[in-house]
Every structure is written in structure tokens, then in C-alpha cells.
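Engineer: We have chain A; now place chains B and C onto it with these hints.
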Amino acid sequence: MRARRTAVLAGLAACAIALTACSSDSDDGGDGGSTAGSGGGDTITIGIKYDQPGLGFKDGDKYSGFDVDVATYVAKDLGYDADQIEWKEAPSAQRETLLSTGQVDMIFATYSITDERKKTVSFAGPYFVAGQDLLVAEDDSDITGPESLNGKNLCSVSGSTSAQRIKDELASKVNLLEQPGYAECVTALSSGQVDAVTTDDIILAGLAAQPGNQGKVKVVGNPFSTERYGVGIPKDSDQCEAINTSLKKMFDDGSWDTFIKDNTEGTGYTPNADENPPALDDCA
Amino acid sequence: MSDFLSQFGELFASYDVLGAFWVNIQLTFWAGLIALVVGCVLALFRISPVPSLAWVGTAYVTVFRNTPLTIIMVFMTLGVWGQLKIQVSDDFPTNFFWLAVIGLAIYHAAFVCESIRSGVNTVPLGQAEAARAIGLSFLPAARMVILPQAFRGAIAPLGNTLIALIKNSTVAAAAGVATETSTLLKNMIEFNSSLIYAIFLTFAVGYVILVIPVGLLTTTLSRRLAVRR
Amino acid sequence: MSSQTRTVLFDAPGPVARRRIRWGNLVAAIVVLALAAVVLLRLQQQGQLEAEKWTSIFTADAWTNFYLPGLLSTLRAAAVAVVGAVVFGLVFGMGRLSHMGAVRVVSTIVVEFFRAVPVLLMMIFFWLLFAQKDLPDPSFWAVVLSLILYNGSVVAELVRSGVHGLPSGQREAALAIGLTRDQSLRSIEVPQALVAMLPALVSQLVVVLKDSALGAIILYPELLQQARLFGSGNSNILQSLTVAAVMFILINYSLTKAAEALGGRLRGRTAGSTGVQGAGLENGAGAGATLQAGTDEHDQQGLLGPRQG
Numbered sequence: 001m002r003a004r005r006t007a008v009l010a011g012l013a014a015c016a017i018a019l020t021a022c023s024s025d026s027d028d029g030g031d032g033g034s035t036a037g038s039g040g041g042d043t044i045t046i047g048i049k050y051d052q053p054g055l056g057f058k059d060g061d062k063y064s065g066f067d068v069d070v071a072t073y074v075a076k077d078l079g080y081d082a083d084q085i086e087w088k089e090a091p092s093a094q095r096e097t098l099l100s101t102g103q104v105d106m107i108f109a110t111y112s113i114t115d116e117r118k119k120t121v122s123f124a125g126p127y128f129v130a131g132q133d134l135l136v137a138e139d140d141s142d143i144t145g146p147e148s149l150n151g152k153n154l155c156s157v158s159g160s161t162s163a164q165r166i167k168d169e170l171a172s173k174v175n176l177l178e179q180p181g182y183a184e185c186v187t188a189l190s191s192g193q194v195d196a197v198t199t200d201d202i203i204l205a206g207l208a209a210q211p212g213n214q215g216k217v218k219v220v221g222n223p224f225s226t227e228r229y230g231v232g233i234p235k236d237s238d239q240c241e242a243i244n245t246s247l248k249k250m251f252d253d254g255s256w257d258t259f260i261k262d263n264t265e266g267t268g269y270t271p272n273a274d275e276n277p278p279a280l281d282d283c284a
Numbered sequence: 001m002s003d004f005l006s007q008f009g010e011l012f013a014s015y016d017v018l019g020a021f022w023v024n025i026q027l028t029f030w031a032g033l034i035a036l037v038v039g040c041v042l043a044l045f046r047i048s049p050v051p052s053l054a055w056v057g058t059a060y061v062t063v064f065r066n067t068p069l070t071i072i073m074v075f076m077t078l079g080v081w082g083q084l085k086i087q088v089s090d091d092f093p094t095n096f097f098w099l100a101v102i103g104l105a106i107y108h109a110a111f112v113c114e115s116i117r118s119g120v121n122t123v124p125l126g127q128a129e130a131a132r133a134i135g136l137s138f139l140p141a142a143r144m145v146i147l148p149q150a151f152r153g154a155i156a157p158l159g160n161t162l163i164a165l166i167k168n169s170t171v172a173a174a175a176g177v178a179t180e181t182s183t184l185l186k187n188m189i190e191f192n193s194s195l196i197y198a199i200f201l202t203f204a205v206g207y208v209i210l211v212i213p214v215g216l217l218t219t220t221l222s223r224r225l226a227v228r229r
Numbered sequence: 001m002s003s004q005t006r007t008v009l010f011d012a013p014g015p016v017a018r019r020r021i022r023w024g025n026l027v028a029a030i031v032v033l034a035l036a037a038v039v040l041l042r043l044q045q046q047g048q049l050e051a052e053k054w055t056s057i058f059t060a061d062a063w064t065n066f067y068l069p070g071l072l073s074t075l076r077a078a079a080v081a082v083v084g085a086v087v088f089g090l091v092f093g094m095g096r097l098s099h100m101g102a103v104r105v106v107s108t109i110v111v112e113f114f115r116a117v118p119v120l121l122m123m124i125f126f127w128l129l130f131a132q133k134d135l136p137d138p139s140f141w142a143v144v145l146s147l148i149l150y151n152g153s154v155v156a157e158l159v160r161s162g163v164h165g166l167p168s169g170q171r172e173a174a175l176a177i178g179l180t181r182d183q184s185l186r187s188i189e190v191p192q193a194l195v196a197m198l199p200a201l202v203s204q205l206v207v208v209l210k211d212s213a214l215g216a217i218i219l220y221p222e223l224l225q226q227a228r229l230f231g232s233g234n235s236n237i238l239q240s241l242t243v244a245a246v247m248f249i250l251i252n253y254s255l256t257k258a259a260e261a262l263g264g265r266l267r268g269r270t271a272g273s274t275g276v277q278g279a280g281l282e283n284g285a286g287a288g289a290t291l292q293a294g295t296d297e298h299d300q301q302g303l304l305g306p307r308q309g
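Residue numbers (the numbering used here), protein chains in the order written: chain A, 1 to 284; chain B, 1 to 229; chain C, 1 to 309.
The set of hints was computed from the structure by calculation and includes no laboratory data.
Glycine included, C-beta positions come from ideal geometry on N, C-alpha and C.
Please note that the accuracy of each hint is not assured.
These stretches of chain B come out as covered by chain A in the derived footprint (C-beta under 8 Å, 3 or more residues) [to be verified]: (1) 73-87; (2) 176-186.
List time: in silico SDA-like cross-link candidates among lysine to any residue, alpha-carbon distance up to 25 Å [said to hold, decoys possible]: (3) A:173 to A:145; (4) A:235 to C:129; (5) A:167 to B:4; (6) B:85 to C:52; (7) B:85 to A:150.
Chain A extracted, bound-state conformation (with noise of 0.2 Å):
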């Protein structure tokens, strides 16, 4: 009786054991054998976003989007070739920590250049100025910019600083809905139960790209702020230098152009000319 329990119990401990121990390896996979600043060498882990459709979209083994083709471009630069990229998820709240414990070597997520991250981290680029700026129905012709809000159904993520600023400076009266990503607004809109979904301008390209949506929403071209989307790199890289080289490179040789059109097809979406392609900062 004793000596059964005992091996029931035992049989659960190895279960659990070998079930977390599974976990790790298929979770961590991109860890191993990065090393920060060895151009060349194995591979190379890069933070992106898996859930923006357009600029970082993880669908099976593939990934696709404007910040994935930007890295890839860049990696190929740094002497690493497609395959020698390893991905991993950089969730907005985490692109921090991913950075400074060394489990990614560089981010390109939709990541905008401010002061307060600086302290943690460093930035390369900019490689892409966008703008916050309005999702709305292919045939709305009432909404023009965030002052026509007021009385209006606007939707963003939770959290988002684009959404609360509209509310706070431009329109007041802006009926306010959050929800946990992008594509549930994009859905309330097609439904016409929201009028208007506010992020930055190239994510809405990108989802008014996604077949289901094209022809259906529009991005409105008015952007009422700028964003320096700029690739994040540990504090102590040395690699900004090297990575400005290739981002300047890709303006000029036409691949830049080539992205964007790629992502953001069928929209007639064009980026802020007088910001992009844009002029690179210093490394510090």
C-alpha cells in the first residue's frame, strides 16, 4: 500500500517534471549560442511583435511585416542570413527587459525612440517615423482628423497613449471602447459599431491590408503626432554604428521603399513625406 502511494507519487513528480521541462526547451529555443556583437558567428536572436499583422505577424514558422523585412536586411548586413535568424515575441511592456537581460540582441517592434528608454537601453536608427492617425470605413468621408471625433465611436488597445491623448487634447466627447488587440477593433469597425480605431499609422496600414480588409477601411493620412520607431539594442552595444551603415544603405538602395509597399498593399497608404525615409540619430 505504502510503497504504491509512494510510486503514484513519484509518477505525478516526473510528469510534472518532464511536462516543465518540455516547456522550457520549446519556449526558450532562441537562447542558446546568441552572443551580443559577434558578427558572423551562429545566429542571431531578433525581438519582433507576432501579433501585428503588416509590421511583426508570426503565422506557423513564418514571419512576415515591414519591422520583420527591415531586420532581416539589417541582420544580412551584420554578416547573419535569413537562417541564422532565431525570432522571438517582444511584447510592448517587456521590449525592456528582453533587452537588458541580454535574451535578445536587437528589437524591431514597432519600438518608438524616447528619453525615458534611453536609460535602459539604446537605440539605433530611426528607421520608420510614423504618426498616430485614424482607421476608418472605406466610405467615410465625415471623419477627417481626431478633432471630428467628438460624438464618435473610437476604438484602440488598452493602455494605448494614442487613444487617451485624443480624449484628453482633441476631442473630449469621444466615446472611448478598449479592447485587447488591434483586430478586434478592426472587427467592431467593419461592423460599424465603432467609427474610428487610432494606433499609429503603419499598423493601420498593415491591418487595412490583410485580404479580409482590404476595401473595407482606409487610413485617414492626417497624423496628429510622431513616433521614431528606432531599433532597440542593449546599453553597452557596440553595434549602432554598423546597424545606421545598413539602415542608411536600405534608403538608399530602394529596399526601404520596397517594404513598405510590400506591407502595406492595396491601401493606397503612402508614409509621412516629410519625415521619411528618415535622417538617422547619432549613436551615442
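Structural biologist: What follows is chains B and C alone, placed relative to chain A:
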């Protein structure tokens, strides 16, 4: 220590913690009320002689008891409001508050129904047989003989359902209610990460204070009201 | 519900009653069908029933890249959580039964605390805490730990009420053959209580599975979250979530049925009661609420037959 206390005090001056709990209490109250009514009707359906009604009751319980509440809450905004365009109020916060109430009520009605059924189960056969013997048909027998006893037997599981409802009201965050406790907890920790333990404990103790009396009350009630047999 | 239990609640219907039942049946069916039709029509108008919204779901790509990995993550979190919850529950359940006052008090406080705190709050707290401490995979461990603490407390209560539900003769016999109270608890009472609570444990698994979906809120890539992601990329989030919901319902329904069958089979293997207490119900009873174990004898005569939860 006094430094910690002053930080803590400052934090509570700038965040409306009591207000957030009040939102959860309101969610619980209205959802509980609706769930009780719907659950009773469902329980009647399930024990009624009409096959289609019994089927409806069983199907309802099977579906909603086995669906994660999170999915139901997401469907309330994306499906019921987004696609069926059922709008409770023009004011967004009010609208989503009520959608969350309905979502919570739909989910917990299944558990209320099962609680009452388990209460019906505590009523001895003889009661139903006696009711029939004096000529009562289904509804009068249910109303005067079986349900009153069943309710007294169902107090403990109903209390458990109420406690689950209090705690589950935090999932209203998934239905677009941004003023309740789980959202506030997240915001407070994100902007005051050094006080993470104190913030969590505050909310946890808040729920202990809400839940323990309900548990004690239903235990006492179920003991006092239990039909002695 | 068998036909035998039906006849307990009402007389065998006569011709008038039968006609009334037939009408009631018809009206109820029409109302239900009408409701369903209205909803479907509305969805049709919104273009949500179009084939193209559904076809992408039934491709190998959707399943190998989204639904199956999601399901696997859900099951993995649930499995680890259940094992942890049983260990936690055994430790603190026996702690609450200990004859040492201090152990009893500490166990009671721990169990009552974790039964009262919403699982979602625990998940958010652990998630942010683990991320702050640079631990790997914070969302997975936050989901697992929260589920262990809550469900472990419920299991502790199951252990306690299971032991209380045993006939007192079991312990008296153990003491009579010279076992100490602790030995009696460990070798005689808890093992029997464990067998008795197996069905309830299986139905607790339903709660674990459902609560693991809260992990979507802290970005754990479980079934619901993966369904959301798939829907984001294919503009069919409602359809994708529907598929996830159906999968949850099927799994949980089978588990509930399994728990009931197990309860029937184990009757007689133990001196305890094997009734499934509110299968899938979140047994979040407050302080001292009894789970009323050991009332199965009455259930046999109850109106609905053995407890069906």
C-alpha cells in the same frame, strides 16, 4: 518604514481603489440578481414534463458551464454588441458595464440552475409523492412543496456560486469595463513597480473581506434553514 | 434524467395534460428556433457567415500553427497546475486536519486566503512580478502558479471534507489496532478520502481548463490567445473564437461525463462518498462552508436520483 507608508498613502490618494471595488460589487449585484432569476427558470425547465423545455435547460447548462468565462465576455462585446448591435446605452461605459453584467449573468445562471437542482435532489421522494397524492399538478407542486425545500437545501451551493461571481467579476475587464479592480491592479503595478507586494496584498485583502462574510453567512443560513429529516 | 425520475415529480399525464404538453413542446421549440433564426439572420447581414470567413479555419496551416499549439499550451498549463494543486491540497488539507493547533491555523489561513482572491488578480500579479525578477517564461508560470494556489486550496477542502465524510468507525478501528492519530490520518483516512474525491478532482480539472483561458489576458499563448492571433491575421476573429469555444466545450463536457462515470464506478471502493459536487462549479466556498460530503445515502432517495452535478 514611514517612507514606505507615505508612498503607500500617496498611491491610494491618486488611485480610486474603493471605487474599483464598488464597480465589482455593482457588477456582482446585478449579475447575481439576473442569474438567480434565469437560473430558477432553467431549473424549472430541466425538471418540467415538457421535453423541449427540458432539452433547452440541459443544452444551456452544458454549453455555458463548459465555456471559459473569458470567451463569453469577449463575445459580449465582439458578438452581441459588435455584430448583433444590441446596445444597452448610448454612453459607452454604461453600455459595457451592462454587457459585462449580462455576460456574467449568462455564465453563472448555469451554476444557479445546477445549485437549485442539487437542492431539489435533497428533497425526499415522499414529498413529491405526497404532493401528487393531494392532487397538486406540476407547477403548484413545484411552487408550494418542492422548490421551497429545494431552496433551503441549495443555499450552500448558491453561496458558492455567489462567491465565484464576486471573484469572476474581475473578468469584466475582457468585456471592455476598464474601471474594475483587475485593470486598476495592473495599472498601479505598472506605474509603481516597487510597491508590487503592497498593491497586490491590498486588493487580495479586499476580496478576502468581501468573500469571507458571504461564506460564513451562507454556511450559517444553510445550517439554520436545513430541513431536518 | 431517466423516465423513472420524471414520474416522481408529476403524474403520468392524462389526455388533457398530454395535449397541453404537446402544445408547450411546440411553442417552446418555435421560440427557440425563432431566436436562433434572428441571431443567424443578423450575423448573415453582417457578413459573418460568409464561407471565406470560415474556410481559412479548416486548413492544415490554422491547426498546426495556431489551434494545436494553443491547445497544447492549455493542456500543459492545466496538467502542471493539476499536479501542483494535488500536492498543495494534500499538504494543506492534512494541515487543516492536524492535531497541532499552529499547523491548523496556518493551513486554514493559507487555504481561505487563496480561495478568496480572484485567480485573474493572482495571474496579473505573478506575471508582473516574474517579469520584474527576470524569470524565464513569466506568463506560463504566472498561469500555473495562480491555478495551483486557487485549485490547491479547493483540493485541500476536498481532502478535509473527504476525511470528515468517512464513517467514524474507520478512525476508531485504526486507533484500536494501535495506530497513532497521524498514522491513522495518513494510512487509513486520507487514502480513502482520495479515492472518494477522485471524481470531484476530475471535475475540478474542468475549472482549471476554463481558468487557464484567463491566461490570454496576460498573453500566455493558450488556446484562446492563439485563436485570437489566428483571427487577427485572417480577419475572422469571431469565427476563430467560436472554434476555440467549441473545443473547450467538447473537452470539458467529456471531462464532466468522465467524472460522473468515475463516481459511479468508485462507489463501493471506499467508505467515503463519491458524489461529484457541482462538477465544473467553482467551489469557492468561504470560511468553513461545508461541502456536505457523506450525504449520498440521502441522494439515493432524492428526487433526481444520484447527484448529477
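Engineer: Work down the list of hints and note, for each, if the structure agrees.
Structural biologist: Outcome of the hint check:
| no. | hint | result |
| --- | --- | --- |
| 1 | 73-87 | holds (count 7) |
| 2 | 176-186 | holds (count 3) |
| 3 | A:173 to A:145 | holds, 14 Å |
| 4 | A:235 to C:129 | holds, 23 Å |
| 5 | A:167 to B:4 | violated, 34 Å |
| 6 | B:85 to C:52 | holds, 22 Å |
| 7 | B:85 to A:150 | holds, 21 Å |
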